Amino acid sequence: MQQRSVKEKEPRLRSSTVALRLNNLGVEFPTALGNPVVAIRDLSLEIDHGTILGLVGESGAGKTTLARSLLNLPPVPGRITSGECIFDGTDLRKLSEGEQRKRRGRDLSIIVPNPRSELNPMITVGDQIATRAEIHLKIDRAEAQARALEMLKKVQIPDPVRRMKAYPHELSGGMAQRVVIAMALVCSPQFVISDDASSGLDVTVQAQILRLMRELAMEQQSAMLFITRDIGIAAHFCDQVAVMYAGEIVEIGTRENIFLRPRHPYTIMLMAAFSHNAGLRAQWRRPDDQAAPRNSQGACSYASRCPLAQEACRSDHPHLRELALGHQARCHFPVERL
Amino acid sequence: MTNLLEVLNLHKKFPITGSSSFVQAINDISFSIGTGETLGLVGESGSGKTTVGGCILGLIDDYEGSVRFSGQQLLSDRESRILRGKIQMVFQEPGESLDPRFRIGLSIEEPLLALGVEVNERRSRMLDAAELVGLPKELLELYPAELSAGQQQRVGIARAMITRPKLIVLDEPTSALDPNARADIIELLMQIQKDIGTSYLFISHDLSTVRFISDRVAIMYLGMIVEQGDTASVFAQPRHPYSIGLLSAVLLPHPNFKFDTSVSLAGEIPSPINLPKGCFLESRCPFAIERCRTEMPPPSDLGGGHIVHCFRHQELAKRDDTSDIFSDFQLESERLLSFPKSKLDHST
Amino acid sequence: MNTLTYIARRLMFIAPQILGIVLVSFLLVKTIPGDPATLMLGPTATPQAITALRHEMGLDQPVLIQFGIYLRNLSKGDLGTSWQTTRPVLEDLLMRFPATLELVSAGLLTAILIGLPLGLVSAFRPKSWFARAVDFYSLGVGSLPDFWLALVLIFIFYTLLGIAPPPLGRIDLALTPPPQITGMYLIDTLLIWDLPAFRSSLSHLVLPVLALGLINAGPILKMTQSTVEKMLQSDFSRYEVLCGLPHNLVLRHALRNALPSILTIISVLYGFLIGGAVLIEIIFSWGGAGQYAVQGVLNSDLFPVLGFVLFSAIFSLTVYLIVDLIYFAIDPRLGN
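Protein chains in written order, with my numbering: chain A, 1 to 338; chain B, 1 to 348; chain C, 1 to 336.
These aren't lab readings, by the way, just hints derived from the structure by calculation.
Bear in mind that the values here come from a model prediction, so they are computed numbers and not experimental data.
All the given hints hold, so there is nothing to weed out.
Distance condition first, Cα-Cα at most 27 angstroms in a straight line; then the derived BS3-like pairs of lysine-lysine: (1) LYS102/A <-> LYS230/C; (2) LYS102/A <-> LYS154/A; (3) LYS86/B <-> LYS137/B; (4) LYS13/B <-> LYS277/B; (5) LYS153/A <-> LYS165/A; (6) LYS94/A <-> LYS127/C; (7) LYS165/A <-> LYS138/A; (8) LYS194/B <-> LYS86/B; (9) LYS258/B <-> LYS154/A.
Just chain A, same shape as in the assembly (with noise of 0.2 angstroms):
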């Protein structure tokens, strides 16, 4: 067999600096009796190329709704009832089947959680990496495992060449999570949504694989979604950050901005939360804190919950305004700093 040695990848040219554009995206579950739930309420987002956009929020906003539903397959039952995904010019769910299925993979990967139970357990994490990038890049089967190797060591998987033949059931948390990485990141996508991806694993194996993820996306000029619970790794990785509730954006902006100028009464009350000030946190909460319900149509989806809530939170939907550069909040009354 002839050495053939692995191909640079060539830049691809760019039509903007916007990597990916969710215009409007509704997705909806639909239930055994009465209303389907909605799960995405007219979603908007635009991520530009090499930003990492931070996805904040609790569990059962919808964020890996969203994510699975940006490749255009949303997790079952659910129906994408709404939106355009264009992603470099064009919409991902106006391709055929087959184009859509190319693109995944290849220009917009996801990486999820719980590496070991979605790594197939029959199939060497070498080849399970080598097959991705045979069948999207198209190259022979030599060509790819020499650049599963290569995403390997990227990566700092300690032995590369011995864990190319290793099974998933073999390797650590920590080690099938970077295994995980590199299969999504070995096509040099343009696109990569961490979903969740670093919860379960140790505090020091965890910030050496967020800077690790920062880094090959900085290096490829990525735009990067990462989706996470912990908004501590929002503060340090990301350069936007967005918070949901309830199917939506509530906020939006820079990371100084949310962190530093936060606006939003949820935003501040997730934030209370991770200061463990029991006084701080009683005052964005209401005694009868009970959980949103989705289908509030003509109001603002947080005012059941809100301390602040008014009249009209009660009876108006609020769009996402923008309160500063880079900043915006749906919010009738916005929280203002003193």
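Please arrange chains B and C on chain A, whose structure you already have, making use of the hints.
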């Protein structure tokens, strides 16, 4: 004052089937917990922290060393320990530790069944326990699957409190919860401690939470306590390279508050089989010297109960900038997130 | 532990396993009503003759002693004698067991060839009309007895259409059966290159194999369908779709992961059919081992029954061992 719990020179090895080597889970650790006190046990995977909990509860017997509770040597007899109900446990996955076929009320009562308490008293104590943890009566008739994760964990705590324990071992009780539920549970635990005086052994890898809830902390690495002492002191002035490495990985939710990342530990955690003769951290430690490879560092008492196992701890002391980043962050949070005074009377 | 150690360990266990099986069978067979001596000598026998014969056959000894004697003979390769055929059981079985093996192997192969593809296709397209038809088929097949289907097939293809040979054994009565090399006619006729005999044996196999195959395809089909469906819904399959892997690759991977379960059911069926095909054997006058054993039971003829149990136990255990080895080869999570 005699300590409530005294652990002295605990060792535990697990044999590996099909081989003559052992997993050295715990390697000579000693610590104590006083009445009404919380000791945080911090470590990553392989540190042995869960095994320590198991030994104290009697779930793991066959260890070497001594575990004394209320001054008495505890026998390696699970029944004698747990039956008396004085030591209890709260688990990590609240959903998994509750029997899905039992209603919540029944799950809470269950420990009293084992103690032979009769039905009326059981019921009244169950109601008391539910009230203690803030569970409304209506929830008691539901099944675990109908509760949120935070509520399920409250049930776990109620179940632990019902036998009026003096010590509760909590193994990652909030790792699986959302930030709000997590903060609620921590607040609840602290309230219970204030009102009733229960002691906690709080096992976790979440340093922020440990900093908040623990009076003292012990940091474990590969079955050894590398540093222990008063929480604020240890976290503000860590004297062990591993502690420093661990703290530098903490991400506080504020972009301006960062820990010193100049000390980083290379590589991954080695396997707990066939540990080296010298210090376990030596292969990854940027401060390691020749002596570290051949000798295990003895404990150095830095005063005030702060003990560290490192030959280089004095050099590390010189690096201090003596700022307690955690408390600085707390102050800043308070300032940043304070409720607007003008609105305090306006909430409708 | 490596493969050789594993095989050695398993083989070590086979001996006590077989001992246990034979002991239990021995005791169970002893409970069958009917006294062989009485049956052998007929209704005109005198009590003394019966007692004498019982003593000669060792039937007046305690059961465990009888078992001990049986084991001792077993170690010398003597499986006892059938009083029905008056031949050594070993000889009888060596003649009949290959017949059953041939029938059952061909039947199982047919069942796999029918059940596996049908199960796969209905797992790949779960809501199609095809899947519904397949469901209907497996439901029907699950409720039909195999011998009834055999009779129906005989009726249609022999009686009505006349294209199948009569159900009178393994080969045309006018032809000579091949010499016993393996005991399986298909192989032996090819070995001596007797093509007419080969064709005749083949045509006699068709109907019984079809009956066995159609019925036993049911469990294979169901197992394949449910396991592959489960695999396709698992996390790693969904992840492969998220990664944009082509559909047929995802399907291939799902099948690979489903193989252990499918193999298990095939191996269980195989062991079962050795004795379970007896009704088919009777209908087609096959002269197989199952038939032989059943006659032994009906005639209180102890040794054929025990001999059959021994043969099929060894056969099943070997099949399980081979299947376990295949598991090792295909599932990296085991062993090593």
